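J.: Chains A and B supply the protein sequences, listed in that same order. Residue 67 is where the first sequence starts when you use my numbering, and the numbers rise one by one after that. Residue 254 is where the second sequence starts when you use my numbering, and the numbers rise one by one after that.
Do not take every clue at face value.
Restricting the straight-line Cα-Cα distance to at most 25 Å, the calculated cross-link-like pairs of lysine to any residue (SDA-like) are [as the list claims (entries may be wrong)]:
1) A/K123 x B/K314
2) A/K75 x B/T283
3) B/K321 x A/S93
4) B/K302 x A/Y116
5) A/K123 x B/S279
6) B/K302 x A/I78
7) B/K302 x A/K75
8) B/K314 x A/Y116
9) A/K123 x A/L96
10) A/K75 x B/Y280
Here's a subset of chain B near chain A, in silico, CB distances under 7 Å, partners left out [said to hold, decoys possible]:
11) P293
12) Q295
13) L299
14) K302
15) G306
16) L309
17) R322
18) F357
19) Q359
Think of the hints as simulated: they come from the structure by calculation, not from any bench. Computed from a prediction, not measured in an experiment: that's the story for all the values here. From the three backbone atoms N, C-alpha and C, an ideal C-beta is built for every residue, glycine too.
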Amino acid sequence: DSGVTQTPKHLITATGQRVTLRCSPRSGDLSVYWYQQSLDQGLQFLIQYYNGEERAKGNILERFSAQQFPDLHSELNLSSLELGDSALYFCASSVQGLGGYTFGSGTRLTVV
Amino acid sequence: AQSVTQPDIHITVSEGASLELRCNYSYGATPYLFWYVQSPGQGLQLLLKYFSGDTLVQGIKGFEAEFKRSQSSFNLRKPSVHWSDAAEYFCAVGANNQGGKLIFGQGTELSVKP
């Protein structure tokens, strides 16, 4: 157990739907990162939050949004889902900035 | 543009043999370099990292990596591979002026023959 908890582990949903992925960072870590892993795109950085504030943004679609709550857990919201959104979504956390993340085990999203 | 290239998509080595996984990066600033390992169905685990100083970095599980600025490389090595090392390996680069964002290579899948 890495200490980063992601729920759910698997999610199957239909096109056009909206889902929420949840991440609880390792105790003491203030930064949360979201990554998407797919066969064609590899691991792509989506967004970073630090202590509740957005710190960095990658190629995150407008249909996707995220937030970090006062208790430091984070949620990634994916809406108007398309088949191409099927992927593994990883959350990672760190104390601050670079230093090496700790990854969760991911949420596998399948859009049908 | 920042990028990381792992030239080998798949490598097979015999158990007990040495291993070298290649990583080349393109980055304007002084890079922070990482190697991660991913076992099937698992998240990524940090093997080692390089920020500055000694260019030969020791990591967990007997891995090491060498930073060569002149070649823009950060190759991962292990002197003797174990069957449990079979996994996918990712090289990543970041910079302190970009928060914690990492750019990952496409990964190298390692198979180990008995």
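J.: Hint by hint, say whether it matches the structure.
T.: Hints, one by one, checked against the model:
| no. | hint | verdict |
| --- | --- | --- |
| 1 | A/K123 x B/K314 | violated, 33 Å |
| 2 | A/K75 x B/T283 | violated, 37 Å |
| 3 | B/K321 x A/S93 | violated, 35 Å |
| 4 | B/K302 x A/Y116 | holds, 21 Å |
| 5 | A/K123 x B/S279 | holds, 20 Å |
| 6 | B/K302 x A/I78 | violated, 36 Å |
| 7 | B/K302 x A/K75 | violated, 28 Å |
| 8 | B/K314 x A/Y116 | violated, 30 Å |
| 9 | A/K123 x A/L96 | holds, 17 Å |
| 10 | A/K75 x B/Y280 | violated, 34 Å |
| 11 | P293 | violated, 11 Å |
| 12 | Q295 | holds, 6 Å |
| 13 | L299 | holds, 4 Å |
| 14 | K302 | holds, 5 Å |
| 15 | G306 | violated, 15 Å |
| 16 | L309 | violated, 18 Å |
| 17 | R322 | violated, 18 Å |
| 18 | F357 | holds, 4 Å |
| 19 | Q359 | holds, 5 Å |
When the structure is compared with the earlier hints, violations turn up for hints 1, 2, 3, 6, 7, 8, 10, 11, 15, 16 and 17 and for no others.
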